[in-house]
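Trainee: Construct the complete structure from the given sequences, taking the supplied hints into account.
The listed protein sequences derive, respectively, from chains A and B.
Each number in the working numbering comes from the position in the first sequence (counting from 1) with 278 added on.
Each number in the working numbering comes from the position in the second sequence (counting from 1) with 6 added on.
These aren't lab readings, by the way, just hints derived from the structure by calculation.
Backbone N, C-alpha and C fix where the C-beta goes; we use that ideal spot for every residue, glycine too.
Do not rely on the hints blindly, as some may be mistaken.
What the hints assert, rightly or not - Derived Cβ-Cβ restraints for the label pairs, each shown as a range:
1) D219(B) - V354(A): 25 to 31 Å
2) L417(A) - P78(B): 20 to 26 Å
3) F508(A) - P255(B): 57 to 63 Å
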Amino acid sequence: MSRSEGLSTRSLETRSAAPLRASGFRWPREWTPYLFIAPLVVYLPAVFAYPLFYNALISFQNFTIRSVVTGAADFVGLDNFRAILSNPVTWLALRNTAIFAASSLFLQYVIGLALALLFTRAFPLKGFMRGIMLLPWLLPSVATVTVWLWLFDGTNGLINYFLLQLHVIAMPVSWLNSPASALVAIIIVNVWVGIPFNLVILYSGIQAIPKELYEAAEIDGARAFQRFRFVTLPLLKPVNAVLLLLGLIYTLKQFDIIYILTKGGPGNATQVLSTWSYGLSFRDMRFGQGAAVGNIMLLISLTAAIWYAFFTRREPGP
Amino acid sequence: MQRDGMTRRGLLWSGAGMVSVLAAPAIVRAQAPVELTMLDYSTGPAGATLSRLASDFMAANPTIRITRQTVPQNQYQNTLLQRAAAGQPADILDIDGPMTPGLTDAGVLAPIDAYVDLDVDATFYPAPLSTARWKGKLYGLPVGNNAEVLVYNKKMLADKGLSVPTTQDELRETGRKLTDKGVYGFAASAYGGEECTWNWLPYFWSRGGNLDDLHSQAAIDALEFWGGLVRDGIAPAAQLSWQTAEIEPRFVNGQLAMAMLGSWQLRSLDANAKQAGLDYGIAVLPAAMKPGEKMIAPFGGEVMAVGSLDPAKAAAAWQFIKWVQTPNVIVPFVEQSAYVPASKPATVVFESNPANGLFKAVSEMLPTARSRTELLGASYYEVSGKITTAIQQVMTGAADAKTALGAI
Numbered sequence: 279m280s281r282s283e284g285l286s287t288r289s290l291e292t293r294s295a296a297p298l299r300a301s302g303f304r305w306p307r308e309w310t311p312y313l314f315i316a317p318l319v320v321y322l323p324a325v326f327a328y329p330l331f332y333n334a335l336i337s338f339q340n341f342t343i344r345s346v347v348t349g350a351a352d353f354v355g356l357d358n359f360r361a362i363l364s365n366p367v368t369w370l371a372l373r374n375t376a377i378f379a380a381s382s383l384f385l386q387y388v389i390g391l392a393l394a395l396l397f398t399r400a401f402p403l404k405g406f407m408r409g410i411m412l413l414p415w416l417l418p419s420v421a422t423v424t425v426w427l428w429l430f431d432g433t434n435g436l437i438n439y440f441l442l443q444l445h446v447i448a449m450p451v452s453w454l455n456s457p458a459s460a461l462v463a464i465i466i467v468n469v470w471v472g473i474p475f476n477l478v479i480l481y482s483g484i485q486a487i488p489k490e491l492y493e494a495a496e497i498d499g500a501r502a503f504q505r506f507r508f509v510t511l512p513l514l515k516p517v518n519a520v521l522l523l524l525g526l527i528y529t530l531k532q533f534d535i536i537y538i539l540t541k542g543g544p545g546n547a548t549q550v551l552s553t554w555s556y557g558l559s560f561r562d563m564r565f566g567q568g569a570a571v572g573n574i575m576l577l578i579s580l581t582a583a584i585w586y587a588f589f590t591r592r593e594p595g596p
Numbered sequence: 007m008q009r010d011g012m013t014r015r016g017l018l019w020s021g022a023g024m025v026s027v028l029a030a031p032a033i034v035r036a037q038a039p040v041e042l043t044m045l046d047y048s049t050g051p052a053g054a055t056l057s058r059l060a061s062d063f064m065a066a067n068p069t070i071r072i073t074r075q076t077v078p079q080n081q082y083q084n085t086l087l088q089r090a091a092a093g094q095p096a097d098i099l100d101i102d103g104p105m106t107p108g109l110t111d112a113g114v115l116a117p118i119d120a121y122v123d124l125d126v127d128a129t130f131y132p133a134p135l136s137t138a139r140w141k142g143k144l145y146g147l148p149v150g151n152n153a154e155v156l157v158y159n160k161k162m163l164a165d166k167g168l169s170v171p172t173t174q175d176e177l178r179e180t181g182r183k184l185t186d187k188g189v190y191g192f193a194a195s196a197y198g199g200e201e202c203t204w205n206w207l208p209y210f211w212s213r214g215g216n217l218d219d220l221h222s223q224a225a226i227d228a229l230e231f232w233g234g235l236v237r238d239g240i241a242p243a244a245q246l247s248w249q250t251a252e253i254e255p256r257f258v259n260g261q262l263a264m265a266m267l268g269s270w271q272l273r274s275l276d277a278n279a280k281q282a283g284l285d286y287g288i289a290v291l292p293a294a295m296k297p298g299e300k301m302i303a304p305f306g307g308e309v310m311a312v313g314s315l316d317p318a319k320a321a322a323a324w325q326f327i328k329w330v331q332t333p334n335v336i337v338p339f340v341e342q343s344a345y346v347p348a349s350k351p352a353t354v355v356f357e358s359n360p361a362n363g364l365f366k367a368v369s370e371m372l373p374t375a376r377s378r379t380e381l382l383g384a385s386y387y388e389v390s391g392k393i394t395t396a397i398q399q400v401m402t403g404a405a406d407a408k409t410a411l412g413a414i
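Mentor: Written as structure tokens, this is what we have:
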């Protein structure tokens, strides 16, 4: 435009804009995305990072019941870690956690995969069945685990009743009150809770595999099991990695099931890291040691997460 | 005139305003009642009675106002700690007796020795009073106590010609003879938590054991005795999962010949037993070693304590705590909470009511009862947890008594 036109337009702008933007500042559009993530940037550190940091801090302090009130605690370096690592119960809890996690993850996966394969076929009431399969995971664990507590009862429980009636066992089994079977009982309940999650993720993973691959394999003469082994399983690898990681973290965090069913007993037979940390902090009032055990759980989860990131980064792109 | 500032009328008004603003706090303070908060975990009829006590007290004492707040029992200690940390302690607390040492160490309780104007040692039984004291200072007054008692199925004992056991050996023998198909001779909660240790302590203390020496022969023998009942089939292994509340229905429907129940369950047991037509008896725990000896058992109960260090509030809180101890004020609360009274005057009023005859066994054991925290203080709960682990290991046969105690 000519110089005179530009000037007049500009003066018009300034005159009408003056009452609204006296400073002349305009919000840059590139800043808008940051505005959207600002609440998250404030929320995440406050709710997650600060407690994590505080937990790490407590594990190096002699944090007692008095410290809860006054906030003051002496720094004791690695004493808390030394104390828990020299406590045989910690190693017992580690062993129980390993057995609990490995068995749960394996059984949840296998049963979840079997069910997912089942649901790829059409059968009556398929939609309804898929819905109720989710219930164990959706219902509040306190309610469902309390029902399991009654089912497992040694003298009046339904499980013993049915097993005796069907002559599978001759004497009632002391599910929750004998060291060996208590661990089995909590694994059973954890598998029951975890199957829906595995089912859902594996089902969508299987649905994502292109049908053409199966057709090509069939044309090449592959039987059902070979199609499963050479088409389904390899293409489920990324899904498996996610499932393993999340399953491990959920299992490590699992507290309700064990606490309600056995409270870590009988005699520490089902003591796992989560219940051990809780007992140290809230029964023994040794918050520093409880925090130290919590940090061990955190380290295990971090290691799994780093492995997962490494593993999925190496995957060649589709 | 505007230029000079205020007119004379303006001066008068502003002067009056200033005087009233300066004097107002003093006038208000002179009229304002002391505001107290009471925090407890009582629910149901006991809770309603506490609220009624608070309003009765306020009616008689217009200068003190009490606001009652409740939290669930399992959150009570944490709530006290949080409020103290936030600088907003509750003034009147109703704490579980064994909490006293821990809360004192945390600085939540305020000593009341300076305000006490009655002879506490003459009024209260020594064991409950000891839960209101720690390291020589008094922090409150006990309001009521409970304990475990033995209940037995009269018909089952009569059918086998057995008498009610009074010693530990008799308990084992009678239990063994009563154990039959579908019936266990004896049961007591061994649930992980305070109940397991609490149920074992009478059999330990009555052997001369003490909580500061858990490797003594008394400890080993007591553990072997108690664990042996389950290991040898006299008591069910399932009792490791049963809280005391779950033992009552099984006793009523005849699965257990004898059982240890809490005195707080006796009224509901009475009602359920009448409905089921069960002829049952209540007896003192058979924890003595020799016939005729007194057994030593733990007890539960509450202490009404002061949580505030403000002298005005603490003095007012003491007025309430002292007033609550008046026999005809505290006995209704004791009855609603299924306690027995902790003070001698209140016991007289309590026992004059024939409906309280159910609690005779508890009143009998209270004079020789012992406090769980007197030797260990705040670390009692940690030791109790380790004892529970040892008891459960011996009961399930996972370890023998000596090895199990060796881990403590």
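Trainee: Each of the hints needs a verdict: does it hold here or not?
Mentor: Verification of the hints:
{"no.": "1", "hint": "D219(B) - V354(A): 25 to 31 Å", "result": "holds, 28 Å"}
{"no.": "2", "hint": "L417(A) - P78(B): 20 to 26 Å", "result": "holds, 22 Å"}
{"no.": "3", "hint": "F508(A) - P255(B): 57 to 63 Å", "result": "holds, 58 Å"}
Of the numbered hints given earlier, the model fails none.
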